[in-house]
Structures are given as C-alpha cells and as structure tokens.
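Chains as they are written, first to last, in the working numbering: chain X, 1 to 797; chain W, 1 to 272; chain H, 1 to 162.
Since no wrong hints were added, every one of them can be taken at face value.
Some chain H residues close to chain X (C-beta under 10 Å, calculated; not the full set): (1) Asp33; (2) Gln107; (3) Ile151.
Think about it this way: if two alpha-carbon atoms lie no more than 35 Å apart in a straight line, the pair counts; the simulated DSBU-like pairs of lysine-lysine are: (4) H:Lys156 - X:Lys12; (5) H:Lys156 - X:Lys431; (6) X:Lys536 - X:Lys74; (7) W:Lys204 - W:Lys154; (8) X:Lys473 - X:Lys232; (9) X:Lys477 - X:Lys232; (10) X:Lys432 - H:Lys156; (11) X:Lys84 - X:Lys344; (12) H:Lys20 - W:Lys80; (13) X:Lys74 - X:Lys232; (14) W:Lys90 - W:Lys80; (15) W:Lys90 - W:Lys154; (16) X:Lys7 - X:Lys536; (17) W:Lys80 - H:Lys156; (18) X:Lys473 - X:Lys84; (19) W:Lys178 - W:Lys69; (20) H:Lys20 - H:Lys156; (21) H:Lys20 - X:Lys12; (22) X:Lys298 - X:Lys398; (23) W:Lys204 - W:Lys69; (24) W:Lys178 - W:Lys154; (25) X:Lys7 - H:Lys156; (26) H:Lys156 - W:Lys90; (27) X:Lys344 - X:Lys382.
None of these hints come from the bench; they were simulated from the model.
By construction, the Cβ of each residue, glycine as well, lies at the ideal position given by its N, Cα and C atoms.
Below are the chains, spelled out letter by letter.
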Amino acid sequence: MTDQLGKPVLRKEDPALLSGRGRYADDLPIPVGTLHAHVIRSPHAHAEIVRVDAAKALAHEGVWAVITGEDVRKLSDPFLAAVKAPVQQWTLAVERVRYVGEPVVLVVAESRYLAEDAAELVTIDYQPLDPVLDPVEACKSAAPLLHPAAGTNEISVREFRYGDPDGAFARADRRIAMTVPFPRLSFTPIECYVVVAQHNAAENSYDVLANFQGPFSMHPVMALALRVPGPKFRLRIPPDSGGSFGIKLSVFPYIVLIALAARITGRPVKWTEDRIEHLVAASSGPNRVTQIEAAVGKDGRILGLKLDQLEDYGAFLRAPMPAPLYRMHGAVTGAYDIEHVEVKNRAVLTNKMPASLIRGFGGPQLYLALERLMQRIAIELKLDPLDVIRRNLIAAQKFPYRTAAGALYDSGNYARAVEIAIGDGRLADLKKRREAARAQGRHYGIGFAVVVEPAMSNMGYLSTLMTAQAREKAGPKNGAVSMARLTIDPLGAVTVTADVTVQGQSHETVLAQIVAQELGLSPGEVEVVLELDTAKDQWSIAAGTYSSRFASGTAVAAHMAAVAMRDKLKAIGAKQLNVLPDDVELAQGKIRSRSNPDNALPFGRVAGTSHWSPVMLPETVAPALSETAVWTPPELEPPSIDDRINTSLTYGFIFDMCGVEIDPVTYHVRVDRYVSMHDAGRIMNPMIAEGQIRGAFAQGIAAALYEEFTYNEEGAFLNGTFADYLVPTVGEIPDVEILHYHSPSPFTPLGAKGLAEGNCMSTPACIANAIADALGVSAVELPATPRRIHALLQARA
Amino acid sequence: MKPRPFDYVQPDTVEEAVAILAEYGDDARILAGGQSLVPMLNLRIVEARALVDISRISALDVMREVRGKIEIGAAVTQNKLLAWPQLAEKLPLVAAALPHVGHFQTRNKGTVCGSIAHADPSSELPLTLALLGGEVVLKSERGERVLAAEDFQKDMLTTARAPDELIAAVRFPLANGKGVAFREVARRHGDFAIVAVAAVVEDKNTVRLGVGGMAGKPMVRRFAREEAAGAIAAWADALEGYEDLHASAAMRRDLFRNLGPLAVTEAIRCAA
Amino acid sequence: MRRVNRDARARVSLTLNGRKLAAEAEPRTLLCDFLRHALGATGTHVGCEHGVCGACTVLIDGVATRSCLTLAVQAEGREVRTVESLAAPDGELNPLQQAFRDHHALQCGFCTPGILMSFTDYLSRNPHASEAEIRDVLSGHLCRCTGYASIVAALKRAARRE
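With the rest of the complex left out, here is chain X (with noise of 0.2 Å):
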C-alpha cells in the first residue's frame, strides 16, 4: 500500500486558484437587485454622537437607506461576550464613538460608488471626549472611562497561584524582572472583509455568506444579536478566501450590519470592505505590557515565575476576547520546568479599535516577555545565554509533562532538538561571525528563542477567566468537537466534508491524503468540499480554522471517517470476493484479497453496492453511504478547581537562533542567519508544511521590524494605508533554514501536532535577544525600526 501520508503531494486547489478560476466572496454571483453598502466611519477616538443628519443622503440618487445606531438598537441585542460587565457593544455606534474608523452610519445605495458619494452628505455632529490610549495610563483612577458604567477601564482581572511562589522568591539567590512591551499589529490578508446577505421577511430569517473564518462559537453571538433561533440564521462560507490569519474572526459585527441592511431595504445587501478600513478598524492581535519576574537560583536555574499580563483590547472585548489571554495559559511558562508560578491577567479598555485573535494567539505576546527574561538572566548571572536555556528545559523523560498552570504536553524532547540545532557547526559558525564582526567594531549580536507551540484549542480555556464558583454556577465547559464526513456516491468516488474554513492552509489537499490512505485511493480521487453551510453541514461551535486546530482536530476526525469507512467496505468486499474481511486490503483503487490479489474489485463498484445493491450487503453492515466522526479528545477537561487548565491538545517545540548586524548608516536591522528547529510530531505533507512555517516566519519579521499601528495623542490612526503600515516584500524576509524533528503526539491517532503560528510566537523575541546582544541593551522595543534602532544609539553614544 503506498503511504499518502508524509509525502509531499502537489496541491489540489492550484489549478483552479492559478488559473484565476477561484471562488472568493466576491467572485460568486449575486441576485439582481442587489444593494451595496459603504459605512461612515468616527473620525474621533472618543465622542458622544450629538446628532446625525441623513436628509441629504436620502435624497441622494440611488439611495435605498441610512441606518444608524438607533436603528440597529431598535432591531438588535448587544453582543453578547465573554466577560459580564455593564458593557453594551452593537454593530454601529449607539449614542458614543469609542476608536477612529468604529462603524457609526451605513449607506445603501444601488452601487457602491454611489454609496460613498451620499456618505459625504451625512453630516454628524459628535461632542469629542477625552481619549485615553496607552494601557497603563488607562488602569489609573483619573483616565476617561470608555463605558462609564463600568467604572473602569480595567474589565477584567484575575490571579493565579500554583504552587508556591512566594516560597520560591523568598528562597531564591536572585531575582530578575523586566517589564516588555509587545506592539499592536494585525496581519492583514490580502483579501479584506466580504458579506452578502438576504432576509426573508416571511419566515424573518437571514442567509448570509461572508469570509468568517470560525470559531463558530460566533453563530449564536450572532444568531442571539439578531434575535433569531439558530435555524433562521444561515451562515455560508465560501468555497476559497484569500487569507485570514485570524483576523476573519472579526467580520462577524459586519455580518449582523450587513445582514439587518437587508431586513430594512427588502433587499440583498452586499458589503466589500476596502483596504482602508481594514486597517483602520478590521482587527488586530491586542498589545500588551508585561511584568515578568524570575527566582532563579546562582546556576540560571528558575524556581519561581511571576508575571502581571496587562492586555490591552481597544475599544470593546468583542466575543471571544479576551481569548489571547487564556488560550496560552497552560504554557505559561513556555518549554521551562517550572514549578512555582504567579500569574495576574489584566484585560483594560482603550479608545483603539477593538484587538482579537491573529496567528500566535497570545503566544508572541508571552515568548517575548518570557525569552527577553532568560537572556537577561544570564546576563546578570553572567552565564550563557544557551546553558541557561538548556538547564532549564522540561526534560525529555517526564513526558507527557503537566505544567504548573495545567496544560498536559503530550510529547517532545526539547534538548535534543536544541542539540540538533546547534550542531554541525551552526551556532560555531554563528559565533565565528559575531567575532569577526566584533573585531572590526561592527554591531553583530546573537539571540535565541524557545517556544512551545499549542494548537487546537480546549474551548473551556476562556472559562479560566472566571473563577472557579463562577465557572460552577455556569455549568462546566471544556473539549473541543472535530467533524468530518465521507460519503460514497453511486458511481463509488468519494467526497469529504469537514468542519474547517478555507484559507490557505490546504485543507482539502491534506484531507485527500489522509482519506486516500485509508481507502487506497489517490488523493486525486477523493473529493473534498469545504464550503461549510450551518443549514446543511455539520458543525459545532469549534468549528472553523484557528488555534492551529487542523491537524490536532480536524484532520483526526477526517481519519476516524475514513478508518471506518474502511472497514465497511472491507466487510463488504469480503462478501463480493468470498474471503473474510481479514484478508480484504484497500490498496491501488482495489478492494483486494491480501492473499491473492487477483481477486479484486475496483474500488468503485465495492463502493457503489450500498446505492445499487444494498441487499448485497453482509448482514452486520449497514449501508456505507456516509461516515461521520466526530473526535472530542479526554485530555481537554475542564479546568480544576485551582485553576489548572490543559489549554490545547498538542504541544509543538520550536528552538530558533540568528545572528543579525546593525547597519550604523541606515539603522536597518539585517539579519544575517537564521535557524529554525521545530518538532510538530508527524508532518503530513512536507511542502505544505514548510510552506506555513515560512510564512509565519514572514509575520514574525514583520512584528520583528516592520508592522505595528501606531495612534497620535488624540487617537488618530497613523498608518492609513499599505504605503505607511509596512506589509514586507520579498526584500524585506530573510532566508530560514528549517529543521525539524519528531515527537509524534501520543494523544492523535495521526500523531500530527498543528504547527503554523510557531515563528509568529518566536522569530520576534530572537531577533529582539539578537538585538540586544548587538548593542549591549535592555530594552528592545519592537517593531526595532530604524527610527528605534537610532534613538537606542543615540543613548548609548
């Protein structure tokens, strides 16, 4: 039987993306009649709206509708969200504007051109307030509240204590803290926000496609803001979209906008979002200022972590923020064996627009903090960067490993892939280089950064924010749901449907392999269909493509589907070949006796009996038309009364070094090399593979030295376009040298481990370390732009 699985099998979806033969949102066709909208956006950080005056607008030629605030208020709930507090968010701005760019008015009109040209007839009036932007200002008794009923900024905070920290500190030789800032950014996809939406006024039910990534956590956020049962809202995802990186999460207001646009007009109403108000106000991952403290002992080692996490989510905590926060908390302490640990969580308000989840999901955030601490420890310690880093790597015998905080890491061995890393001369040949350059009085500095990487989410990890009575009033919640399906059509081909959303991760060419390894067919043969429909398909509110949850979740189910598939069709076989179904293999397009494989049947017609012949079927079997699996792994429980949480089910290992130089003439960060070593268990498909960790290590440099929004002291938002919020080219990536080792995860039938947000988690904190050992500082604020590279220069000169 030849193995699908491993082997690195060309894409099925390229034919049809190369040949410009997509299907993005707004490719698929519209009913005639179909309206357009354009929304008007604050210009103001902070105002109360005094009063919007549409006459103009509405008189405009080709304008079917103005909706503001109070009709959306009239004809909607607030969203719900993850943390209970007097805070009311609807899909356009009622009575206050809280960030530059928050939706404040929708136009309708015939075209979208026409719509923008009534929109400069709006005229609104706004009473401006003071803002407040930076996270730390916004905590203190004297910042301007955004919800005023709230009483703070500070939404939510919560301790954790595991352990015994106070112990660890008291007994500790040292004690080395540090505060580190992660910057605001987003990761933008080429393709921006898309919804299409229709009422039915009969049976007051929506259908809606949109570019919504998942989770599907979302469905009933939405369902319940627009006051219909589940049923009546229709969710349709589109067959391919152009990118997410977790940040069509956040198209899920504009679906509830979009969507009560056609309940007003009586008619479809189709929303392109362009370029600049992507960027103004789509999404971003949320900055965070971090204290983090270490007790660590004369020998690097750490005994005790404490760390205040102060996150700072914009506007508003749309659903299911303040996930970033939790969704790493198990791995609090990354790849280190760390016992005693003391963790404050703060979620705080800030008249920015509202953050969420990007890729590294709350992990670029911690790994900074984290890796900037271990090599300032050796620093004070005056030890090397490496050992320090080695001495306290979780060792490779106590796998699976519970952390302090609650997360079970099923597998790895952190020092042996650090070993592999360094070796054949690689961290000598790093060192050569610094030397060299050192010598000729050039800026060259070495940086390490270790990561452990989560992927597939337990859906009961935000409930950590509760406390423990609260989460027992609320019942408990825990798991994640993975679905797949198999289907036989009457000719024997098979199609797969699973509960992911398509953007780029190539879904359905893994899918392929995985289904055809089973089945002994090509992947070729299978097809896979991942326009996920909530009237038709199946789905859970897991569902979707985020949290690195394919190939942890997904993918499982999909091979659970198949598995079972298998030996249905191998009692099958056994019948129509007069052999018993031990003897029956699936292999090459047959169903085969194993020990005279002449005897075969393609695998088609074996297939096709259940449609045409079910009375041929032995007894014991039913039909195999169709296959559902559902997989909800038992590692991902609910959290314990103290608070530990087993936030994911796998747990990758990425080790990553470079060497980067200074250009004292341009203050340009170069880098110079660059290793990568990741173990995520069983890889599946190399090329795809790869393929993601390149690209994560792109928006790692970005976060390095490139992208970050940045607001002037009144909230404006500076960087409008793509010419001042600077995506990298191909100039700007330097090249990675992938290594990988296996530690297949014993907690998947698959043993494949999500791999894909990993360098957006560690290339930032290595290139930081890299720049603080080129020029001998402490603080290394990213993104490390000239700008900040000369003013660090500067200090030291």
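Knowing the structure of chain X, use the given hints to seat chains W and H on it.
Chains W and H in isolation, oriented as in the chain X frame:
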C-alpha cells in the same frame, strides 16, 4: 474606496490638452501614468472636476537630445526611459536613480514628468533634476515657458505650475563621463526614500551634492572635495530635516551625515 | 479627442484574453471593477485600491499594469490580458503556472494572479532573469501567506525554462 465623479477628456494633441485646461480653470487634473494621482482620487483626498488624459498624445511620447540636454516628453514612462540604451552613458545619474523609483509595475505607467509634477520631497527624479540643473517646459493657452528646476520646485508637493499649465517635457543636461553617485535609505525596497542623496563631480576639486527628504524640496550645494564630510554635517544641521511616521528629524540629519560622504566618495571613484 | 461627461456612461470596448468585449462604464469606474463585475473576469483581485499590493495587476497591450489605478475608459481599444488567459483551453497549466504549483508558491491564492501577470510581462522581456532581478520585480507584490521564498523558487524555475 471609489473616486468621486469626474469628466474624462482624452485629447490627441497638446493644443487640445491646454484648451481643456483653460476651460476647466483650477478644476482639471492631468492624468499621465496615474500612479500618484489615481490613489489620491480613490482615497478622495484630491478634487478633480475633470481628468485630462495625456497618455495617448503621441507628440508627448518622445525623447530627444536638444542642445546638450535630453528632453523627455510628458507621456514617456519611467520604464521607457530606463530601457533607453544610451541612458547609462548620457545620464548616468538618472540611470542610477531610476531603479529606486517605485516598482517595475508602477514604472510601466508612471511618467518621468509625472514624478516631477508630483514633487514628493524625497523622490528620486526631482532630486536628480535639481542636482543636474535641469529645466521644466510648461505649456498653456497663454504660451510656453521654461523654468529651471530650482524655480519650478517650491515645497512639499508644490510646484510653480499654474493650474492651466501642462508640463510638456523636462530636460536633463547631459552628464557624459561625469562621476556620479546615488544613494537612498527607504524602509522597504521601492518605498519613498526617507533620505536620498545624489552627487556629481564637477571638476578636480568640486563636488555638487543634492539631498531629498531633508526639506520640502530637493536641496543642492557644492563643496570642495576635502571639506565634504564637515560641510555635509553642518548642512544637515542647517536643514534640520522633518519628522514623520518613519523617521525623526534627528534621524534624518544623521542619515544625511552618513550617506552624504559615502555618495561623494563613490562619485569621485566613479569619475576616476 | 474623446470626452465623457461624469454623468454619462461610456461604452468601453476592449479585447479581453483574445475576445472582443464591451460594456458600459462611468469615467470613474476602475478597470479592476470593470473587469470583475461588468465583464465577469473575477480572476483579477482587489487588495488595496491604492497601487501597493499588486493583486490587481493585469497586462494592457502586454505591459503589467495596476488595474486599480487604471480607469476602464483608459482601456478602450486595448488588448487586456488577465490570469484567465494563461492556462490552455483544456485547463493545462502553462510553464509559469506549473512552476508555481511544483514549488508550492501559493497558499490562499489571492495575490497569485497579479504576480503571474507581472511575470508574464517581465519574463517575456527578460526570459532568463537572475534571482536579483526576479526579487526586484516581485517586490511590487505583497503576499501574506508564503513568505515569498517558494515564489522566488518558482520564478527561477520559470526563468530557466522559458
């Protein structure tokens, strides 16, 4: 973002073009390559009652050598100039600067004169025009006038072109055999320069240096070779630079202090 | 001289991928919108509408052009080629497309058509482009998925073949 409505006029001759400009008064804009104008129209940050598309006027799509200068018509694209076989020989400074102008795709449509008209303070073509002592040929219904670069370039995105005038051509003095150098610092390849410097060796003792991105327009000075580094440092302080998203004024000054002497050295080496 | 009043709709005729087509457009209608929604050629994508991302790149008379910065009326009488023209009628990928597939040079595919058209122009002018030249031209495109290395590899392969 979609542009506001405008009339579209596509003249076939220069005479037709200037007549349209006169007709619309202040309200018409010249559309040549569109690489600077159309984004601004899409963003609705400029007004235009009419667009006058000169890209198909064949009389403007001409390059020729006239009295020691290379004259480049308003419809000549940046890539057309870059592909000119004699560019490196006759205008080596422009040959060095052009690859930094935008990207291959924008140079396919963006015009040489369009870049001069746009007058971004750090852009490469206005800098080279200023340094080489070039001139701008303006036409209107009122006639023709020729302005030296330093009189044409006024301030950030501001030139001496009257609303009813069309840039018909720019002229670059020949620089055969001269030692030249061009350097710039940008955040990404193809981005607007933060600071750009261009140098030309005038004779055994003198170098002329131009800098973009330190003031509202390119600034030009000449120095004695041996004094270059000190003179550049003093000049940087005098110009001050300015602050924007990508650089502080202090950083601009330091970039100029770093780049200037490097460009001078390179130009001298090139002349040798 | 041609003149179209702002309130008028002009009939724009052009040749798209070898076929003469015509539809109506206002003077301000962008070529990318015209191609996608008036002519149904949705292979060309829109990523920024200010000429930076390159997703909208098409060929006009063989020259790679940002269609978001081009008015539909400017394409009157021109030969426009978009990504749909690259594969053979039976769907067989051309060498450039095949190189992309072989090297996993696309993931979500949204930026890909623009890159293919840019290089259809560039490689016809410079068939054996060096890596440095390839990188220079590729810098006019933004990709969020691949990190670019596989795209460079695919283009290097295409440069050797054609």
